[in-house]
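J.: The lines below spell out each chain.
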Amino acid sequence: MLFSKYPDDIKRFQEMTNDRRRIIDNTPATPLPQTYAVNQLSKALHPNVIPAEIVDTKEIGRNCKIITLKSTSENGRFPYFRAGQFITISARVGDSFITRPYSISSSPYQAMQGIMEVIVQKAGLFSTYLLEEAKVGDKVVVGEPTGDFYYDNIRDRETIVAIAGGSGITPFISMIKSIIEGSDDFNLIVFYGVRTRSDLLIDLDSVKHEKIKVIPVLSHEEVDGYEHGFITKELISKYVPAKYSVFMCGPDAMYNFVTDEFVKLGLDKHSIRQEHNSIGDRQFVEPKVFKLTVHMRDQVYVVDAYQNETLVCAMERAGLAAPVRCKSGSCGFCHSRLVKGEVTTPEKYESRRAADKKFGYIHPCCTYPDSDLEIDVPPFVAGEMI
Amino acid sequence: MRKYDVVVIGAGNGGLAAAAKILSAGKTCLVCEKHNIPGGFATSFVRGRFEFEASLHEFNGIQTPENPGSARLLFNELGVGDKIEWIQLKEAYRLISLKEGYDFTMPFGLEAFAEANAKLHPDGKKCIQHFWSLCQQIREAMNYLAESKGKPDPKVLVEKYGDYVRCASYTVNEAFEALGYPKIIVDNLNAYWCYLGADGDNLSFLHYANMIYSYIIGGAAIPSMKSHEISLALETRIHELGGDIWFNTEVTKILTDEEGHVCGVRLCDGSQVETRHVIANCSPHVVYGRLLEESAVPERALKLTNSRKLAGRGFTAFYAFNKSPEELGLTDHNYFVYESSDSIEMYKKMGTMYENYGQATCVLNNADPNCSPKGTTIMYSTTLFTTDVWKDVKEEDYYKLKNQIALAMLKRFEEAVGVSLQEHIEEIAVATPQTYARYCGHPQGVIYGYESQPRDGLLNRIMMVEEDRFVPGLRIGGGFGERLLGFPSSYKSGYNEACRTLSDMQKEGN
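Those protein sequence lines, which keep their order, are chains P and C.
Residues in the first sequence are numbered from 1 upward in steps of one, following the working numbering.
Residues in the second sequence are numbered from 1001 upward in steps of one, following the working numbering.
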């Protein structure tokens, strides 16, 4: 016998279930909580979608506006976020239901006061709608702040060197405001590439702060007191300290060029953080039209899918509430099951998990049709809100 | 009208296993999941050029196709055995306990483990062999109990499984005190305690001894494509069997008829689905607190639920480094880094916000060298918070706080192991109780279900499973189920509730 220390152990064994019954008997039948503090904060930070209305639109450049949104949710707030993140805006445009990502240009504290600003530059159908048709008072749905393009004090050095091209300045405007209001604490050096002074989307006088330095780099204009040309390693070396982390937001051509410059300065190219750019169309002279069968819960829709457009575009055009967030394949929000058919996901936008590929799951926001298709898509709740 | 034989609420481990079992019996089944992917905690996520495992440290009960463990047998029965590729782990763990100055690595295998303990203490081997014989008896007794379907012959129990009967009511600390092994051997045997998250005064010895034995005798494995591979294998199987899974579809109510029997569920869009049977893969706190109408909840269900203790709230920091494990000096896969080997002292510290440094840390590349690009390393460190210290966090302080806690854990790991990691971080993500609450909806961000208590442990829950059930047509399975927390337990619990539901259906003649 291994045990002999507790002489009553067999009796204890026999009484185990009765002991438990007694404990339950002696516990009050108090009603259980409807919610819990941790879950409430979780919901405040990640509400998924927030109803909102446009309260201001202001032209700040050629084909470029700041659009100000006000939360119309029950608590009248947007979630506190991490400067550099983006939101989505969903709206009905004609028969279409469209959702697009926009980097936030306002600050985390402003969000808690119910205000979000984004900078919209004319690019496609939806930005044209926002610039030319959307007006104050219009209702939209905002998708919660998302993305990992933000300063992290564990990962990053104390100084961030930001490379911005054109409207790629937007997330850095949010970071500047975040540093000024005290939500973030790091040194920020922004190289801001634009064609001419008139393309600058920020008022340089408004960013005077000991931790912030903005260096406009004009490519098509030579002006005293301004840097001119491209963002080269010589230019970078002139302003940066010994240790820093690099964030870039702008066109792909800029990423390629400036990344090479940093590599020449001895940086590991993988340490450079580049904000994802939205995917565009594929080029075909005469794109074919395929039949796309979409399952959403027990509803089945059959819509046209053009060979040159992503599956999300096809669903949106047909007015279906497709789940969309990043439009770059990286966030996984549109994760869907490919039931039948052939598709292509460009390597650059391939962020699926290994098992997704093995079992036939796709990100429709970055997937093009190569045949008639059948897919199973989670419905997006924004569709029920507007 | 939409109508299914069974509706499963939640596509977590328990829900997926339950649905696969229901469907394989030829019944119709709908799974409703509020998130957009299956798996609950069994998932992965992508940051930059890395895919991170979200929760799994090691999976016990897989073994080999030729000599399958209980979990592999379950996956085979559910029809996903050939859909998941497993990688066997080489070593059990490296235990570092700062207070006692321990730092040793333990192998899998009963003999090898006993030999390794001989190096810790002259009596180490003898003690471990003695411990294994006790574990073997516990295992045989539990098999006998399962076979006797809750009606064992008391004479057989006492005569054949005397030690089992004697220690069945013991806590871990009571049992180790009775066994009288040297402290270092007991401390080593206690290494796995964090996997069950209850201290030695509360954890059932039977449960714990059985777990250690399973790990050391059978080893552990991980899926080659992270735990997302298991979840998608099960989802694929559910579709093969004609089942439906609706994502972004939260169930807001379980509906009951005049006789109090389940008659349907209401969904987040206000629509309804007719069913006579629901398997809820979520916590009884949510089921009895929110999903059922108040009038449909019996008083005893409230008493039982109130009597239970919420277990550990999860916290994990995920790192991808731009150096290989060799370059970083990370030699092992599975590190337990403790402040002390006293689980009571540790458990208390885990109830505080700023003194909780203990951690189970995995260096994934040392189990699966292909888990990340060449020359990089994926590591994740998990701890539990044993109280609700995260409940008072303000929205605007949340991101700073979570990094503060993660950094303190990372620094403690660096010191304990003698490595320097922070400057090599390429990607980082930090999951808090709020994160777990977001993805799985459990109260207060609990990841470990209901904590094992002396009278709410494995044995009692199994013996009282029918007593713990109150609403006809409703079964609750998963990590809050009778087998307590953990990957194998949650699949098994879902499977068991599906078997019971099938039996309910047979009794009701449908």
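Careful: at least some of the hints might be erroneous.
[What the hints assert, rightly or not] Some but not every residue of chain P turned toward chain C, in silico, with C-beta under 8 angstroms: (1) R12; (2) D19; (3) Q34; (4) L45; (5) V49; (6) S219; (7) H220; (8) D298; (9) Q299; (10) P323; (11) A354; (12) K358.
[Claimed, not checked] Calculated Cβ distances over 10 angstroms to all of chain C for the following chain P residues: (13) N39; (14) L201; (15) E374.
Rather than coming from a laboratory, the hints here were simulated on the basis of the structure.
The beta-carbon is built from N, C-alpha and C at its ideal position, and this holds for glycine as well.
J.: Tell me if the interface restraint on A354(P) is satisfied: Cβ within less than 8 angstroms of some Cβ in chain C.
T.: holds (4 angstroms)
J.: Once the shortest beta carbon distance from S219(P) to chain C is found, is it less than 8 angstroms?
T.: At 29 angstroms from the nearest chain C Cβ, S219(P) fails the 8 angstroms test, so the hint is violated.
J.: Grab the minimum C-beta distance from R12(P) to chain C and call the hint holds if it beats 8 angstroms, violated otherwise.
T.: Constraint on R12(P) satisfied, holds at 4 angstroms.
J.: When the nearest CB of chain C is found for D298(P), is that gap smaller than 8 angstroms?
T.: Constraint on D298(P) satisfied, holds at 6 angstroms.
J.: Quick check on the hint: K358(P) CB to chain C CB, less than 8 angstroms?
T.: Given a least distance of 6 angstroms, the restraint on K358(P) holds.
J.: Against chain C, run the beta carbon of Q34(P) and see if the smallest gap drops under 8 angstroms.
T.: Because about 6 angstroms separates Q34(P) from the closest Cβ in chain C, which is inside the 8 angstroms limit, the hint holds.
J.: Compute the least Cβ-Cβ separation between L201(P) and chain C, then decide whether it is above 10 angstroms.
T.: At about 27 angstroms from chain C, L201(P) clears the 10 angstroms cut-off, so the statement holds.
J.: Hey, does N39(P) actually stay past 10 angstroms from chain C on C-beta?
T.: At about 4 angstroms from chain C, N39(P) fails to clear the 10 angstroms cut-off, so the statement is violated.
J.: Quick one, is the V49(P) hint okay against chain C at 8 angstroms, beta carbons?
T.: Since chain C brings no Cβ nearer than about 11 angstroms to V49(P), farther than 8 angstroms, the hint is violated.
J.: Does the claim that E374(P) lies outside the interface with chain C hold up, using a Cβ gap greater than 10 angstroms?
T.: The claim stands: E374(P) keeps its Cβ more than 10 angstroms from every Cβ of chain C (closest is about 12 angstroms).
J.: Any CB of chain C closer than 8 angstroms to the CB of Q299(P)?
T.: Hint on Q299(P): violated, closest Cβ of chain C at ~10 angstroms, above 8 angstroms.
J.: Go through the hint on P323(P) and say holds or violated, using the shortest Cβ distance to chain C against 8 angstroms.
T.: holds (7 angstroms)
Checked against the numbered hints above, the structure breaks hints 5, 6, 7, 9, 13 and satisfies the rest.
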